[in-house]
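Trainee: Going down the list, the sequences are from chains A and B. Quick note on the working numbering: the first sequence kicks off at 1 and runs consecutively. Quick note on the working numbering: the second sequence kicks off at 449 and runs consecutively.
Calculated from the structure, these hints are not laboratory results. Glycine is no exception: its CB is placed at the ideal position from the N, C-alpha and C atoms. Treat each hint with caution, since some may be false.
[Said to hold, decoys possible] Stretches of chain A that chain B covers, calculated by requiring three or more beta carbons in the stretch to come under 8 Å of a beta carbon on chain B:
no.: 1; region: 128-140
no.: 2; region: 276-287
no.: 3; region: 422-430
[What the hints assert, rightly or not] Listed next, with one range per pair, are the computed distances between beta-carbon atoms:
no.: 4; chain 1: B; residue 1: A744; chain 2: A; residue 2: G249; range: 43 to 49 Å
no.: 5; chain 1: A; residue 1: T113; chain 2: B; residue 2: S517; range: 44 to 50 Å
no.: 6; chain 1: A; residue 1: G163; chain 2: B; residue 2: A535; range: 42 to 48 Å
no.: 7; chain 1: A; residue 1: L93; chain 2: B; residue 2: V580; range: 44 to 50 Å
no.: 8; chain 1: A; residue 1: K314; chain 2: B; residue 2: L557; range: 47 to 53 Å
no.: 9; chain 1: B; residue 1: G650; chain 2: A; residue 2: E442; range: 45 to 51 Å
no.: 10; chain 1: A; residue 1: P87; chain 2: B; residue 2: R514; range: 33 to 39 Å
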Amino acid sequence: MSKDKRDAVREGGSSKREFSRQDFLYFVGAGAGIAALSGPLAACSRFIGGAGQGSSSGGGGSLRVATTGINPEPIQVFIGAFKDKNPDTKVSLTNADTDKYQTTLRTQLSSGTAPDVFFVWPGNGNAMALKQVGPAGYIADLSDQPWADDIPERYESVTQLDGKTMILPTTTTLIGAITNKQIMDDLALEAPGTWNELLSFCDKIKASGKVPIALGNATPWITQLIDYALVPSTVYADNPDFDEDMKTGKATFANSGWRDAMEKYLELNDRGYFNESPLGTSYEQQLQLVAKGDAAMAVQVSTSLGQVENYGEKDQYIVLPFPGNEEPDKLWIPAAAGGSFGLNAEAKNPEGGKELLRVMAEPENMNQAASLQGALPGIPNDQFEVDPDLKPMMPFLDEGKTVPFMDQLWPNAEVQQIHFAVVQQLFTGEITIDEALRRMDEAYQKGS
Amino acid sequence: MAGQPTGAAKPEGRGVFALLRKGRRGRSQAPWIFLLPALFMYALVMIYPSLAGSWYAFTNWDGLTRTASFVGLENFRQLLQDSQAIASLKNTIVLAVTVTIVQNAIGLLLALGVNYNIKSRNVLRVIFFASVVLTPVIVAFLWQYIYAPGGALNRVLDLLHLGWLKQDWLGDPNVALWAVIAVVIWQYAGYSMVIFLAGLQGVPQELYEAAEIDGAGTLQRFWNVTRPMIAPATTVNLMLSIIGGLRLFDQVFALTGGGPGYATETLSTVLYKQAFIVGAYGYGTAIALVLALIVACIAMIQLKVLRSQEVEA
Numbered sequence: 001m002s003k004d005k006r007d008a009v010r011e012g013g014s015s016k017r018e019f020s021r022q023d024f025l026y027f028v029g030a031g032a033g034i035a036a037l038s039g040p041l042a043a044c045s046r047f048i049g050g051a052g053q054g055s056s057s058g059g060g061g062s063l064r065v066a067t068t069g070i071n072p073e074p075i076q077v078f079i080g081a082f083k084d085k086n087p088d089t090k091v092s093l094t095n096a097d098t099d100k101y102q103t104t105l106r107t108q109l110s111s112g113t114a115p116d117v118f119f120v121w122p123g124n125g126n127a128m129a130l131k132q133v134g135p136a137g138y139i140a141d142l143s144d145q146p147w148a149d150d151i152p153e154r155y156e157s158v159t160q161l162d163g164k165t166m167i168l169p170t171t172t173t174l175i176g177a178i179t180n181k182q183i184m185d186d187l188a189l190e191a192p193g194t195w196n197e198l199l200s201f202c203d204k205i206k207a208s209g210k211v212p213i214a215l216g217n218a219t220p221w222i223t224q225l226i227d228y229a230l231v232p233s234t235v236y237a238d239n240p241d242f243d244e245d246m247k248t249g250k251a252t253f254a255n256s257g258w259r260d261a262m263e264k265y266l267e268l269n270d271r272g273y274f275n276e277s278p279l280g281t282s283y284e285q286q287l288q289l290v291a292k293g294d295a296a297m298a299v300q301v302s303t304s305l306g307q308v309e310n311y312g313e314k315d316q317y318i319v320l321p322f323p324g325n326e327e328p329d330k331l332w333i334p335a336a337a338g339g340s341f342g343l344n345a346e347a348k349n350p351e352g353g354k355e356l357l358r359v360m361a362e363p364e365n366m367n368q369a370a371s372l373q374g375a376l377p378g379i380p381n382d383q384f385e386v387d388p389d390l391k392p393m394m395p396f397l398d399e400g401k402t403v404p405f406m407d408q409l410w411p412n413a414e415v416q417q418i419h420f421a422v423v424q425q426l427f428t429g430e431i432t433i434d435e436a437l438r439r440m441d442e443a444y445q446k447g448s
Numbered sequence: 449m450a451g452q453p454t455g456a457a458k459p460e461g462r463g464v465f466a467l468l469r470k471g472r473r474g475r476s477q478a479p480w481i482f483l484l485p486a487l488f489m490y491a492l493v494m495i496y497p498s499l500a501g502s503w504y505a506f507t508n509w510d511g512l513t514r515t516a517s518f519v520g521l522e523n524f525r526q527l528l529q530d531s532q533a534i535a536s537l538k539n540t541i542v543l544a545v546t547v548t549i550v551q552n553a554i555g556l557l558l559a560l561g562v563n564y565n566i567k568s569r570n571v572l573r574v575i576f577f578a579s580v581v582l583t584p585v586i587v588a589f590l591w592q593y594i595y596a597p598g599g600a601l602n603r604v605l606d607l608l609h610l611g612w613l614k615q616d617w618l619g620d621p622n623v624a625l626w627a628v629i630a631v632v633i634w635q636y637a638g639y640s641m642v643i644f645l646a647g648l649q650g651v652p653q654e655l656y657e658a659a660e661i662d663g664a665g666t667l668q669r670f671w672n673v674t675r676p677m678i679a680p681a682t683t684v685n686l687m688l689s690i691i692g693g694l695r696l697f698d699q700v701f702a703l704t705g706g707g708p709g710y711a712t713e714t715l716s717t718v719l720y721k722q723a724f725i726v727g728a729y730g731y732g733t734a735i736a737l738v739l740a741l742i743v744a745c746i747a748m749i750q751l752k753v754l755r756s757q758e759v760e761a
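This is chain A alone, in the form it adopts within the complex (with noise of 0.2 Å):
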C-alpha cells in the first residue's frame, strides 16, 4: 500500500481502525505469551491424563530394554530371539556408551522411568553395578527363574544379594594379552608361562624391532588391565580368600602382592617393552598397534578381540594368559562375569522382562552373542564351541584358576578410579608405588 493509500484511508475517516507497527507488536506479544503458557499447561494435562494410558500400554505387548556397548550385535541376537517367540511384543532398545548409560540409568531409576530390562555390571565397583544399584530396591529377585540356579557358583558372589539372585550374566570375559600370530610365528616364539618367561618373550621381541606391548593409559579402564592380569598370580594364588581378608582388614593394598603387581607393571615399562608414550596413546591407537603388526600384544579384556580383528585381519590374533610369577602352577587368570541384565523392580512388563531374561539364558543365544563379542557363555554348557583364539585360556577355567575382576569385589566405585588416577601418576612418576597403595587402601576403607 503507498503512502497517499494510507493517508487518504485515513483522511476519509473510515470505520476501519488502524493496524499500526505497534499495535502489531502487541499482538504478537500477546500470541507469545499465551503460547507460551498453553505449552506447560498442555504438558500438565498431558502427564496427568497420560498415567493412566502409559500404564496400560506398558503392561500390554511392550518392552524397553537399555544396554551399553559398542558391540549392537550380542543384543540383537537375544531381542531377535524374543521377538521370534512373542512377536506381538514391540520391543525398543537403548544403547548408549559407558558413561552416558551411568548417569542417564542411574536417573531414570531415581525417578521411576527406568526400562524393564537393563544392563548391570556384576559386583561392585562402579556406579551401575549390582551392588550400588541393587540395595536400593531397583532390581528385582529372580532366584526363581529356571535359569538362576545354573549360574556358575563362582558367580554367586558378584550376581546375588542377600542370597538372592539378582541378574543374569550372559557372558565370561577374561583378561589376557592379546597376541599377534603372525610376530609369534616369524619369531618362533612359544606362549610364555613365567614371568621370566615372559620378559625373555617381550627382548625377543623389542629385538626385532617390534613393540612387546602396546599399552593405550590415555584411556583411564587400560590403566588396570596390566594389575588385574598379574594380580590373580601374585595375589590370589597364594590366598584365594584375599578379599574376604581385605573385608575383615586383615589385608591391605599395601601388604599384600598388589605391590609385587604395581613393581612388575613399572618393570616392563622400565625395560622399554611399551610403544611410545603409554600415557599419550587410547584404547583404539593401542589396538591398531597390535591389529596392524606393529605391536606384538595388548593385555585386554577379550571382548576387544572382535575389535582388534576389525582393525587387522580375522583370525591372526590369539589370547594368551599374562604370567605374573616364577611358579607355571600359580598362573590364575581374571576371569569374570561379564553382560549382565537384571530386571527393573517397578517393570512395566514384568513378564516381559523375564521371558527376555528366560531367552537370554537359553544355551543358544547365549553361545551366539558370546561368539560375537570374545567371550564366553555367561552359564557354561556342552554346546558352546570355544573360539581357538581363546583355547589358551580355558584351562584355568576348568582349573578353577580364575579371579574375578578385582573391582567386582571393592566396596565402592572411588577405588577404581584411585587406581586409574595412581597408574597414571606412577608413569608420570609423580607418585611411589608406597603412595599409590596408600591412596588405594584409603578409597577401600571408606567402604560402602
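Model the placement of chain B on the given structure of chain A, informed by the hints.
Mentor: For chain B alone, kept in the frame of chain A given last:
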C-alpha cells in the same frame, strides 16, 4: 502533516493494549509484558530446578535412594579438604583465563582479517567458523590422533626440522592441560570471530575517514576508533568465553578424562566423577554449587568492568 495520526485521535480501547497505550508508565511496562512468557519458561525449566537441586548439596544423597539425610555444610567442609578438587580449581582458572585471552585475541585478529574487502573473505569466514559446528567429542577424538606420539603434530614438527619441539602432548602432565586449552581455542576462536565481525561491521566508515584526515595511523585508528566501537562485542565475547571456560567439560573428559593422574582435572570433571561415577551425588552437587557461585561472581565483576569501559568509550 496531513493525515498524520495523533495519539489523541486513537481509539481508547480496553484491556492490556489500552493499558500499554496509557502514557509513559504504560510504555515502560510493555517490555516486561513481552518478557513475561520467556521469564516464566526460564524460571520453570532453569531457576526452579537449579534451586531445588541445590538442596542436595546439603545432603548425603547417593543419586539413587529415595531418601537423603541432611548433613549441613559437611560436603563443603569436605570440599575445602579435598586436595584433588582444589587442584582442579586451579586448573579450571588457568584454563578459563587462558582460553578467554587467547581465543579472543585470535578471534579479533581473524575478524579484522576477514573484515577487509578481499576476494575470498566469505570462504575464509566459513572455514574459520567450521570448527564451531563440530561436536566437542568429535573434535576431541580427532585431536587425540593429532596429539598421539606418532600423530600428525609430531610428524609435522619432524618435517619442519623442529623435532626438539615434539612432546607427549596428552601424556605429559606438564603439557596436557595446555594441549587441551589449544583444542578449545582452535574450536571456538571462530565463534569469537563472528561476534567481533558483527561489531566491526557496525563501525561507521566515516569515523575511519575522519581519523585518517586527522593523521591517525593504523594502530591509532584501531585503538581510538575500532576498539571503543566494538566494546559491546568484546563484552559479549569475554563473558561467553570466561563462563564457557569455567564450565568446560566435554573436551577435557573426551581428550584426557582428567589425566594423566589429575593433571587436567577441572571442577566440572571432578563433580561429574563424584556425582555419577563414585555415586556421591550430594558432594557433587556441592561442587556444582561452588562452581556456579564462582562463575556468577566472576561474570558479574567482569560485566561491571566491561560495561563501565563501554560507557567511557
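Trainee: Measuring from beta carbon to beta carbon, are A:L93 and B:V580 in 44 to 50 Å?
Mentor: Check failed, 33 Å falls outside 44 to 50 Å.
Trainee: Using the C-beta atoms of B:A744 and A:G249, is the stated range 43 to 49 Å upheld?
Mentor: With Cβ atoms ~45 Å apart, the hint holds.
Trainee: Taking 8 Å as the Cβ threshold, is the statement that the region 276-287 of chain A is covered by chain B upheld or broken by the three-residue rule?
Mentor: holds (count 8)
Trainee: Take a look at whether the Cβ-Cβ distance between A:T113 and B:S517 falls inside 44 to 50 Å.
Mentor: Given about 25 Å between the Cβ atoms, the range is violated.
Trainee: Do the beta carbons of A:G163 and B:A535 sit within 42 to 48 Å of each other?
Mentor: 43 Å Cβ-Cβ, so the 42 to 48 Å window holds.
Trainee: Taking 8 Å as the C-beta cutoff, is the stated coverage of the region 128-140 of chain A by chain B satisfied by three or more residues?
Mentor: holds (count 4)
Trainee: Using the beta carbons of A:K314 and B:L557, state whether their distance is inside 47 to 53 Å or not.
Mentor: Roughly 51 Å apart at Cβ, these two residues keep to the hinted range, so it holds.
Trainee: Starting from the hint 33 to 39 Å, judge whether the C-beta atoms of A:P87 and B:R514 obey it.
Mentor: Roughly 37 Å apart at Cβ, these two residues keep to the hinted range, so it holds.
Trainee: Lying within 45 to 51 Å: is that true of the beta-carbon distance B:G650 to A:E442?
Mentor: With a Cβ separation near 58 Å, B:G650 and A:E442 fall outside 45 to 51 Å, so the hint is violated.
Trainee: Can you take a look at whether the region 422-430 of chain A is actually covered by chain B? Rule is 3+ residues, C-beta closer than 8 Å.
Mentor: holds (count 6)
Checked against the numbered hints given earlier, the structure breaks hints 5, 7 and 9 and satisfies all the rest.
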